[in-house]
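Enquirer: I would like the entire structure built from these sequences, with the hints used as guidance.
Numbering follows the UniProt record's numbering, in which position 63 of the sequence shown is assigned residue number 63; successive positions increment by one, without gaps.
To be clear, the hints were calculated from the coordinates, so they are not data collected in a lab. Please read these numbers as outputs of a predicted model, since none were measured by experiment. Mixed in with the good hints there might be a few duds.
What the hints assert, rightly or not - Ranges of calculated distance between the beta carbons of each label pair, as one might list FRET restraints:
{"hint": "1", "residue 1": "L187", "residue 2": "C115", "range": "42 to 50 Å"}
{"hint": "2", "residue 1": "P184", "residue 2": "R84", "range": "23 to 31 Å"}
{"hint": "3", "residue 1": "R175", "residue 2": "E195", "range": "18 to 26 Å"}
{"hint": "4", "residue 1": "E12", "residue 2": "L76", "range": "38 to 46 Å"}
As the list claims (entries may be wrong) - Pairs of lysine to aspartate or glutamate residues, derived as EDC-like cross-links and limited to a Cα-Cα distance of at most 20 Å, are as follows:
{"hint": "5", "residue 1": "K139", "residue 2": "E97"}
{"hint": "6", "residue 1": "K124", "residue 2": "E149"}
{"hint": "7", "residue 1": "K124", "residue 2": "D148"}
{"hint": "8", "residue 1": "K124", "residue 2": "D56"}
We put the beta carbon where it would ideally sit given N, CA and C, even for glycine.
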Amino acid sequence: MVRLSIEGRPIEAPANCSILQAFLHAGEMLVEGVGCMGQGVCGSCRVMVRRSGEQDVRTALACETLVEDGMQVAFLDYFTASERHVYRMDEIGESWEALQTIATTFPEAAHCRHCSGCDRACPKELAVQQGVQFAVEGKLTAASQVFDECVMCNLCTLACPEHIRPNHLGLFVRRMIAAQTLRPANLMLRLQQIESGAMTIDFDAPGAQPPR
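Expert: Quick look at the structure:
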């Protein structure tokens with residue numbers, strides 16, 4: 001057993017469990033959006049972590065971070081910006097217009113300060129800053145590869161002083177590529193499973209409905 005603090009409350013938990021599992025072990029309730037625990041879709045459970053003997057506070061994902069003795073943990077709630085990027089993929093022009101499309105939809109992306117705040121904030125250790133630069137330069141394949149493992153936790157957006165929302169830019173680039181080429185095989189298979197009834201979706205599950 002290890003002793004740690006979550007949301008200011010001291011708890012004990014087995015050493016081989018994640019922060020989420022430790023939270024449950026302590027008798028706390030996971031409210032919504034915890035897909036890995038059978039409660040809807042992935043909530044990208046963001047946490048701020050300070051390890052014993054360290055002064056730095058790091059961002060992490062509660063689902064994949066193992067607890068340690070003396071660890072201090074605080075869940076990080078994300079509040080979306082009042083203004084979202086609005087676009088329709090069926091109105092996206094041909095690939096010759098990709099640069100202009102990105103510049104029009106995400107004009108702030110060109111103002112990146114190269115402060116590396118997004119890189120430090122990313123719990124998946126993605127090269128976020130480079131991905132943004134690739135997108136601005138029109139290197140869409142390279143940009144999409146950077147964001148391929150993005151879980152949309154929005155921590156890079158919180159860290160960006162220019163309000164670029166890099167993860168949403170990465171998603172936009174990946175959607176552009178898919179809209180103009182063959183769709184990803186795993187996505188086509190999943191849609192086929194849903195349409196055939198082989199996979200069912202519980203739309204009433206917590207976190208399953210998109211925000212209005």
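Enquirer: Does the Cβ-Cβ separation between L187 and C115 fall within 42 to 50 Å?
Expert: Taking Cβ atoms as reference, L187 and C115 lie about 34 Å apart, which means the hint is violated.
Enquirer: If I claimed the Cβ atoms of P184 and R84 lie 23 to 31 Å apart, would that claim hold in this structure?
Expert: About 24 Å separates the Cβ atoms of P184 and R84, which means 23 to 31 Å holds.
Enquirer: Does the Cβ-Cβ separation between E12 and L76 fall within 38 to 46 Å?
Expert: violated, 23 Å
Enquirer: Check the hint pairing K124 with D56 against an upper bound of 20 Å on the C-alpha distance.
Expert: Satisfied, since the Cα-Cα distance of roughly 18 Å is no more than 20 Å.
Enquirer: Is the hinted pair K124 and D148 satisfied, with a Cα-Cα distance of at most 20 Å?
Expert: Cα-Cα ~11 Å, so holds.
Enquirer: Okay, R175 versus E195 on CB: inside 18 to 26 Å?
Expert: holds, 21 Å
Enquirer: Compare the distance between the alpha carbons of K124 and E149 with 20 Å, and conclude whether the hinted pair is satisfied.
Expert: At roughly 8 Å apart (the allowed maximum being 20 Å), E149 and K124 satisfy the hint.
Enquirer: When you check the alpha-carbon spacing of K139 and E97, does it fall within 20 Å?
Expert: Answer holds: K139 to E97 is near 13 Å, not above 20 Å.
The structure is inconsistent with the numbered hints 1 and 4, although it conforms to all the rest.
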